[in-house]
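Enquirer: Protein sequences, first through last, are from chains A and U.
Here this note's numbering is used: the first residue of the first sequence is 1, the next is one more, and so on.
Here this note's numbering is used: the first residue of the second sequence is 1, the next is one more, and so on.
Don't read these hints as lab results, they were simulated from the structure.
Treat each hint with caution, since some may be false.
Derived, one-sided and incomplete: chain U residues facing chain A with beta-carbon distance under 10 Å [said to hold, decoys possible]:
1) 24
2) 27
3) 31
4) 35
5) 42
6) 50
7) 53
8) 77
9) 82
10) 88
11) 89
12) 95
13) 103
14) 107
15) 109
Here are a few chain A residues that face chain U, going by a calculated C-beta distance under 10 Å [said to hold, decoys possible]:
16) 40
17) 46
18) 58
19) 91
20) 106
Stretch by stretch, here's where chain U covers chain A in the computed footprint (C-beta under 8 Å, at least three residues) [as the list claims (entries may be wrong)]:
21) 48-56
22) 61-72
These figures come from a predicted structure and were not determined experimentally.
Note that CB positions come from ideal geometry on N, CA and C, so glycine has one too.
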Amino acid sequence: GAGVSQTPSNKVTEKGKYVELRCDPISGHTALYWYRQSLGQGPEFLIYFQGTGAADDSGLPNDRFFAVRPEGSVSTLKIQRTERGDSAVYLCASSSPGQNEQFFGPGTRLTVL
Amino acid sequence: GEDVEQSLFLSVREGDSSVINCTYTDSSSTYLYWYKQEPGAGLQLLTYIFSNMDMKQDQRLTVLLNKKDKHLSLRIADTQTGDSAIYFCAVYNQAGTALIFGKGTTLSVSS
Numbered sequence: 001g002a003g004v005s006q007t008p009s010n011k012v013t014e015k016g017k018y019v020e021l022r023c024d025p026i027s028g029h030t031a032l033y034w035y036r037q038s039l040g041q042g043p044e045f046l047i048y049f050q051g052t053g054a055a056d057d058s059g060l061p062n063d064r065f066f067a068v069r070p071e072g073s074v075s076t077l078k079i080q081r082t083e084r085g086d087s088a089v090y091l092c093a094s095s096s097p098g099q100n101e102q103f104f105g106p107g108t109r110l111t112v113l
Numbered sequence: 001g002e003d004v005e006q007s008l009f010l011s012v013r014e015g016d017s018s019v020i021n022c023t024y025t026d027s028s029s030t031y032l033y034w035y036k037q038e039p040g041a042g043l044q045l046l047t048y049i050f051s052n053m054d055m056k057q058d059q060r061l062t063v064l065l066n067k068k069d070k071h072l073s074l075r076i077a078d079t080q081t082g083d084s085a086i087y088f089c090a091v092y093n094q095a096g097t098a099l100i101f102g103k104g105t106t107l108s109v110s111s
């Protein structure tokens with residue numbers, strides 16, 4: 001079956017611009033996670049959705065970052081007024097109820113010039 | 001907060017065993033995980049161990065857990081060049097809402 005997909009695979013933008021990153025989880029997975037991986041680091045948690053609601057958004061670094069999941073499936077991570085420090089690979093993962101494994105997508109590489 | 005630490009590099013010869021070590025600060029995670037990341041690829045779950053177990057074997061992989069010392073290790077037997085990758089140790093945070101990852105250990109296998 002299809003895994004977690006993320007679009008675009010690469011995004012280059014200029015400082016100050018707005019970007020949207022999309023995640024399409026595995027069908028039927030109610031839990032969805034966003035992580036950010038900077039060069040040479042492990043993934044760092046951003047936000048966790050259970051269904052349509054953000055159950056834990058404590059990892060969002062500041063109010064320029066926002067994520068939605070309006071129908072409990074696809075999620076969009078939105079970054080306003082991008083900064084060079086936002087450059088990283090943004091990873092999405094999903095899991096189904098009672099399952100301890102998170103399945104990761106290939107990531108979106110964001111470069112802010 | 002929770003912290004997971006790993007050594008950054010390991011270099012072995014093909015056919016040798018590799019041992020990757022990890023220490024963590026919070027022991028509330030029910031499961032502890034090892035993920036593999038190959039260049040340009042996403043994270044792939046390699047194996048995991050239930051927190052009540054000391055050891056888990058899965059073909060060439062052996063996971064050892066020392067809860068008292070909060071130490072987790074991954075042993076790869078008969079290491080192959082295809083095992084070259086970055087290996088991440090991960091545990092859940094106290095709230096059970098997010099995985100906390102180490103910085104990753106880069107395994108380099110020479111033939």
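Enquirer: Can we keep the residue 103 of chain U interface hint, with Cβ of chain A closer than 10 Å?
Expert: holds, 5 Å
Enquirer: The hint names residue 42 of chain U as touching chain A; please verify it with the least Cβ-Cβ distance against 10 Å.
Expert: It holds, given that the least Cβ distance between residue 42 of chain U and chain A is near 4 Å, below 10 Å.
Enquirer: Three or more residues of the segment 48-56 of chain A near chain U by CB distance under 8 Å?
Expert: The restraint on the segment 48-56 of chain A holds, since 3 of its residues have a Cβ under 8 Å from chain U and three suffice.
Enquirer: Grab the minimum C-beta distance from residue 27 of chain U to chain A and call the hint holds if it beats 10 Å, violated otherwise.
Expert: violated, 16 Å
Enquirer: Just to be careful: measuring from the Cβ of residue 31 of chain U to every Cβ in chain A, is the smallest value less than 10 Å?
Expert: holds, 5 Å
Enquirer: Restraint: residue 24 of chain U near chain A, CB-CB cut 10 Å. Satisfied or not?
Expert: This interface hint is violated because 12 Å lies over the 10 Å limit.
Enquirer: Per the CB criterion, is residue 89 of chain U less than 10 Å away from chain A?
Expert: holds, 9 Å
Enquirer: Does the closest beta carbon of chain A sit nearer than 10 Å to the beta carbon of residue 50 of chain U?
Expert: holds, 9 Å
Enquirer: For the restraint on residue 46 of chain A, tell me whether the closest CB of chain U is nearer than 10 Å.
Expert: Where the cut-off is 10 Å and the nearest Cβ of chain U is about 9 Å from residue 46 of chain A, the hint holds.
Enquirer: Cut-off 8 Å, C-beta pairs, minimum 3 residues; does the coverage of the segment 61-72 of chain A by chain U stand?
Expert: violated (count 0)
Enquirer: Using 10 Å as the Cβ threshold, decide whether residue 88 of chain U counts as touching chain A.
Expert: The hint holds - residue 88 of chain U has a Cβ within 10 Å of chain A, the shortest such distance being about 5 Å.
Enquirer: Interface hint check: residue 77 of chain U, Cβ to nearest Cβ on chain A, cutoff 10 Å. Holds or violated?
Expert: violated, 23 Å
The structure fails to meet hints 1, 2, 7, 8, 9, 14, 15, 22 from the earlier list, while all remaining hints are met.
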